[in-house]
Amino acid sequence: MIYFLIFYKKEDEIMHVTLQKRDKGQTWSSPILGQGALDPYSADLEQKRLMLQRFQEEEYAYASCRSGYSPSRIQVSTSLRLNSLGPALTQGPSWEARAPIEIFYFDLLALANYSEHLAMVRSFLQAVSSEEVTPPLRVVQMEGLAVLKIIKHCNEFSPALVTGQLLGLDVGSVLEVTNCFPFPTREEDEEIEADGANYQLEMMRCLREVNVDNNTVGWYQSTLLGSFQTVELIETFMNYQENIRRCVCIIYDPSRSSQGALALKALKLTDSFMDLYRNNNFTGEKLREKKLSWVDIFEEIPIKVSNSALVSAFMTELEPESPVAQCDYDRLKLSTAPYVERNLEFLIDCMEDLSAEQNKFQYYYRNLSRQQAQQQAWLQKRRVENMARKAAGEEPLPEEDPSNPIFKPIPEPSRLDSYLITNQISNYCNQINGVAGQNFNRLYMMKALQEN
Amino acid sequence: MRPGLIRTGPESLAGPDRLTSLRRGARFRRHLQKTLGLPRPDVMAVLQFFPPSSPVVSARLHPVVLFSICDCYVRRPDQADRVIGTLLGTVSGGVVEIKNSYAVPHNESADQVALDVEYHRNMYISHLKVNPKEVLVGWYSTGFGVSGGSALIHDFYVKELKDSTKDIREAQNSVPPVHLTVDTVFSNGEASIKAYMSANLSLGDRSLAAQFQEIPLDLRMIEAERVGFDIFKKTAVDKLPNDLEGMEASMERLYALIDDAYKYVDDVVEGRVNPDNDTGRFLSDALASVPKMSPIAFDKVFNDRVQDNLALAYLSSLIRAQLGIAEKLNTAAQVL
Chain A
1 MIYFLIFYKK
11 EDEIMHVTLQ
21 KRDKGQTWSS
31 PILGQGALDP
41 YSADLEQKRL
51 MLQRFQEEEY
61 AYASCRSGYS
71 PSRIQVSTSL
81 RLNSLGPALT
91 QGPSWEARAP
101 IEIFYFDLLA
111 LANYSEHLAM
121 VRSFLQAVSS
131 EEVTPPLRVV
141 QMEGLAVLKI
151 IKHCNEFSPA
161 LVTGQLLGLD
171 VGSVLEVTNC
181 FPFPTREEDE
191 EIEADGANYQ
201 LEMMRCLREV
211 NVDNNTVGWY
221 QSTLLGSFQT
231 VELIETFMNY
241 QENIRRCVCI
251 IYDPSRSSQG
261 ALALKALKLT
271 DSFMDLYRNN
281 NFTGEKLREK
291 KLSWVDIFEE
301 IPIKVSNSAL
311 VSAFMTELEP
321 ESPVAQCDYD
331 RLKLSTAPYV
341 ERNLEFLIDC
351 MEDLSAEQNK
361 FQYYYRNLSR
371 QQAQQQAWLQ
381 KRRVENMARK
391 AAGEEPLPEE
401 DPSNPIFKPI
411 PEPSRLDSYL
421 ITNQISNYCN
431 QINGVAGQNF
441 NRLYMMKALQ
451 EN
Chain B
1 MRPGLIRTGP
11 ESLAGPDRLT
21 SLRRGARFRR
31 HLQKTLGLPR
41 PDVMAVLQFF
51 PPSSPVVSAR
61 LHPVVLFSIC
71 DCYVRRPDQA
81 DRVIGTLLGT
91 VSGGVVEIKN
101 SYAVPHNESA
111 DQVALDVEYH
121 RNMYISHLKV
131 NPKEVLVGWY
141 STGFGVSGGS
151 ALIHDFYVKE
161 LKDSTKDIRE
171 AQNSVPPVHL
181 TVDTVFSNGE
191 ASIKAYMSAN
201 LSLGDRSLAA
211 QFQEIPLDLR
221 MIEAERVGFD
231 IFKKTAVDKL
241 PNDLEGMEAS
251 MERLYALIDD
261 AYKYVDDVVE
271 GRVNPDNDTG
281 RFLSDALASV
291 PKMSPIAFDK
301 VFNDRVQDNL
311 ALAYLSSLIR
321 AQLGIAEKLN
331 TAAQVL
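Protein sequence lines, in the order shown, are assigned to chains A and B. Residue numbers for the first sequence follow full-length UniProt numbering, beginning at 1 and rising by one. Residue numbers for the second sequence follow full-length UniProt numbering, beginning at 1 and rising by one.
These aren't lab readings, by the way, just hints derived from the structure by calculation. This one's a predicted model, so the numbers in the text were calculated from it and none came from an experiment. Hints may contain errors.
Straight-line distance between alpha carbons at most 20 Å, and here's what the computed SDA-like set of lysine to any residue pairs gives [what the hints assert, rightly or not]:
{"hint": "1", "chain 1": "A", "residue 1": "K152", "chain 2": "A", "residue 2": "Q221"}
{"hint": "2", "chain 1": "B", "residue 1": "K300", "chain 2": "A", "residue 2": "L161"}
{"hint": "3", "chain 1": "B", "residue 1": "K300", "chain 2": "A", "residue 2": "L334"}
{"hint": "4", "chain 1": "A", "residue 1": "K333", "chain 2": "B", "residue 2": "E245"}
{"hint": "5", "chain 1": "A", "residue 1": "K447", "chain 2": "B", "residue 2": "V57"}
{"hint": "6", "chain 1": "A", "residue 1": "K447", "chain 2": "B", "residue 2": "T90"}
{"hint": "7", "chain 1": "A", "residue 1": "K333", "chain 2": "B", "residue 2": "F298"}
{"hint": "8", "chain 1": "A", "residue 1": "K333", "chain 2": "B", "residue 2": "E248"}
{"hint": "9", "chain 1": "B", "residue 1": "K129", "chain 2": "B", "residue 2": "P176"}
{"hint": "10", "chain 1": "A", "residue 1": "K152", "chain 2": "B", "residue 2": "L244"}
{"hint": "11", "chain 1": "A", "residue 1": "K265", "chain 2": "B", "residue 2": "E245"}
{"hint": "12", "chain 1": "A", "residue 1": "K360", "chain 2": "B", "residue 2": "L329"}
{"hint": "13", "chain 1": "B", "residue 1": "K99", "chain 2": "B", "residue 2": "L219"}
{"hint": "14", "chain 1": "B", "residue 1": "K328", "chain 2": "A", "residue 2": "E156"}
{"hint": "15", "chain 1": "A", "residue 1": "K152", "chain 2": "B", "residue 2": "Y124"}
{"hint": "16", "chain 1": "B", "residue 1": "K129", "chain 2": "A", "residue 2": "K447"}
{"hint": "17", "chain 1": "A", "residue 1": "K447", "chain 2": "B", "residue 2": "F302"}
{"hint": "18", "chain 1": "B", "residue 1": "K99", "chain 2": "B", "residue 2": "I193"}
{"hint": "19", "chain 1": "A", "residue 1": "K447", "chain 2": "B", "residue 2": "L115"}
{"hint": "20", "chain 1": "B", "residue 1": "K162", "chain 2": "B", "residue 2": "P176"}
{"hint": "21", "chain 1": "B", "residue 1": "K99", "chain 2": "A", "residue 2": "E156"}
{"hint": "22", "chain 1": "A", "residue 1": "K152", "chain 2": "A", "residue 2": "E209"}
{"hint": "23", "chain 1": "A", "residue 1": "K333", "chain 2": "B", "residue 2": "D308"}
{"hint": "24", "chain 1": "B", "residue 1": "K159", "chain 2": "B", "residue 2": "L115"}
{"hint": "25", "chain 1": "A", "residue 1": "K152", "chain 2": "B", "residue 2": "K133"}
{"hint": "26", "chain 1": "B", "residue 1": "K133", "chain 2": "B", "residue 2": "T90"}
{"hint": "27", "chain 1": "A", "residue 1": "K304", "chain 2": "B", "residue 2": "L244"}
{"hint": "28", "chain 1": "B", "residue 1": "K99", "chain 2": "B", "residue 2": "V57"}
{"hint": "29", "chain 1": "A", "residue 1": "K152", "chain 2": "B", "residue 2": "F298"}
{"hint": "30", "chain 1": "A", "residue 1": "K304", "chain 2": "B", "residue 2": "E245"}
{"hint": "31", "chain 1": "A", "residue 1": "K152", "chain 2": "B", "residue 2": "S126"}
{"hint": "32", "chain 1": "A", "residue 1": "K333", "chain 2": "B", "residue 2": "A288"}
{"hint": "33", "chain 1": "A", "residue 1": "K447", "chain 2": "B", "residue 2": "D163"}
{"hint": "34", "chain 1": "A", "residue 1": "K447", "chain 2": "B", "residue 2": "A286"}
{"hint": "35", "chain 1": "B", "residue 1": "K99", "chain 2": "A", "residue 2": "P184"}
{"hint": "36", "chain 1": "A", "residue 1": "K304", "chain 2": "A", "residue 2": "P184"}
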């Protein structure tokens with residue numbers, strides 16, 4: 001149904017026709033039949049745009065309703081819209097090819113009907129619009145296959161550190177990792193760079209042929225006792241982030257797994273840290289501004305493991321009947337001394353590094369205060385000179401002198417290293433705590449056995 | 001042209017009447033299977049018609065391979081009803097360890113099988129780059145039993161193995177390729193994973209058929225056990241257990257085991273259950289393995305260890321406090 005508003009303005013001898021539709025979403029291809037229609041492609045685009053607009057309207061209207069906007073306000077906004085679109089139609093006797101015109105007429109009663117379709121609307125909106133609000137990553141879901149492959153690869157090459165690529169899908173707030181492949185370990189050689197890229201491309205191409213998701217979602221690496229927080233890790237993250245919207249790094253620690261725990265962690269850089277890193281600005285002020293401390297660099301994401309039904313059927317069939325598995329043997333081992341010793345060694349090294357960094361800061365502060373004192377002294381001298389010159393009637397010299405070396409600003413050392421070291425130390429501490437706790441359990445058990 | 005293929009396996013062996021010893025061997029094998037439930041390598045029955053082939057080998061399967069085969073099966077293209085792929089691993093001391101695998105696209109119709117050789121070679125080279133020690137040891141297919149097309153594919157893999165083992169050391173150790181079948185459809189109502197070795201049946205110069213003999217397959221999945229079967233059995237696990245939870249689970253299992261042993265001993269003493277010498281010996285061995293120390297010595301050792309652990313826990317909390325202070329100092333307001 002179309003309503004026409006026709007009015008005639010005397011001054012410009014033009015007849016204004018305002019077309020108003022009762023039903024939303026119904027467009028017509030041209031103002032006059034057979035004339036001025038759009039070609040199919042642009043018509044399609046326009047249709048999409050209109051649908052998007054329409055759903056946005058619905059959402060807005062619904063939200064307004066929910067937040068208690070008065071009906072009159074909504075009316076007002078639509079009437080404005082009518083007015084703004086009205087003159088667009090007044091062109092003169094010849095009609096140009098113009099996009100189908102859609103004039104909204106809000107029916108408040110219809111809003112109530114839309115409320116039940118809001119969820120559908122929202123998803124449609126997300127699908128249609130180009131700018132989505134990505135939900136934060138809450139969980140990394142790995143397949144048992146990927147877990148086993150990572151474990152196998154890292155265990156084979158331990159204690160050397162190895163890396164590999166993760167493949168999977170990015171779905172909402174869950175990042176699914178369905179497969180992975182290892183990278184060959186290469187020496188530091190320039191010409192092998194191209195080989196590495198070729199290998200990656202070859203693997204991804206081959207995997208695509210057998211229907212494996214060949215979507216890179218991150219990478220995995222093995223680590224030794226948890227000493228993985230390095231600048232290289234951050235660099236790799238930034239590299240990946242440029243190309244992939246969401247990527248994650250999985251860290252596997254084969255030495256801790258010999259203690260019977262599955263040491264698999266999924267890490268991500270926090271957004272605030274990434275912004276700071278891009279600007280390469282790690283001074284104290286900036287960090288205080290953003291309230292960024294060393295815990296905020298990495299964010300750990302919980303891992304879920306999922307298996308296909310076929311695999312779990314097989315495993316259930318094949319599980320041995322013994323009630324005790326290898327992992328139990330590992331966990332109840334009494335000799336944890338080598339592991340703890342190595343942990344402590346690394347911890348001591350890190351503490352030394354940390355104290356070196358702190359010395360650097362102290363040195364910087366001392367220099368800074370010395371420079372300040374020098375500047376003050378120089379300024380005083382200048383002022384006295386100026387007084388003298390003023391008394392003598394000459395031009396006063398400027399109170400600053402950028403060429404003087406004592407005014408050169410001393411660069412503040414970056415705090416990134418100290419943050420990373422702090423992270424490592426805290427990691428070691430956590431591990432030691434864990435092992436100590438387990439040791440207590442085992443010791444008391446031994447005591448109980450002895451008493452019997 | 002290749003004559004008909006002999007379908008084999010411990011339960012079915014068809015052949016001309018001349019192979020009577022084969023039949024006897026088959027009956028004996030079936031008997032063995034019924035009593036012990038284990039397949040035996042078919043060494044004795046087929047020696048008459050060709051020189052002794054491969055040495056007696058067995059195969060050991062790593063869980064990664066099983067997982068990846070299932071994954072490939074689930075992802076197979078719609079028109080294929082089985083998946084074929086290459087097995088990689090190592091051979092040592094008559095045991096073939098199957099450590100890795102990848103699927104190879106193939107086309108199968110009633111009378112011919114086409115395998116994507118280029119793909120197979122490319123993937124093989126890529127895998128060798130990562131781990132040069134894992135070499136071609138065989139191939140797998142999903143589906144129960146050995147079918148006609150399998151013989152042709154097996155021939156291809158025999159040739160591939162010969163091509164790939166170029167250096168002399170490997171050639172000496174060379175074992176013919178293993179064929180693994182994984183029954184993903186559970187046609188017998190159970191999971192059947194079988195490994196076969198092929199031997200050529202030839203009369204004089206003419207090769208008649210290829211016989212697939214089953215070889216023992218070790219399916220103990222130690223790596224999966226290490227991680228914990230719970231993670232791999234369920235279709236979704238919400239949280240990976242951390243140290244203390246794992247500890248708790250192990251302790252509970254140990255407790256249950258001790259309970260069982262206790263109940264058993266009680267039953268035997270009361271006369272409810274017949275005593276079994278082996279079990280009794282095991283129990284006494286277990287009890288004797290607890291080291292015998294005088295209480296004083298044990299107390300001393302125990303207290304020392306407890307003190308060490310306490311010192312560690314204290315040290316780590318001290319360091320954490322230090323870190324907190326250091327951070328405050330570092331980002332505190334500047335001197336200016």
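Which hints, by number, does the structure contradict? As far as the earlier hints go, 2, 5, 6, 9, 10, 14, 16, 19, 22, 29, 33 and 36 are violated by this structure, in ascending order.
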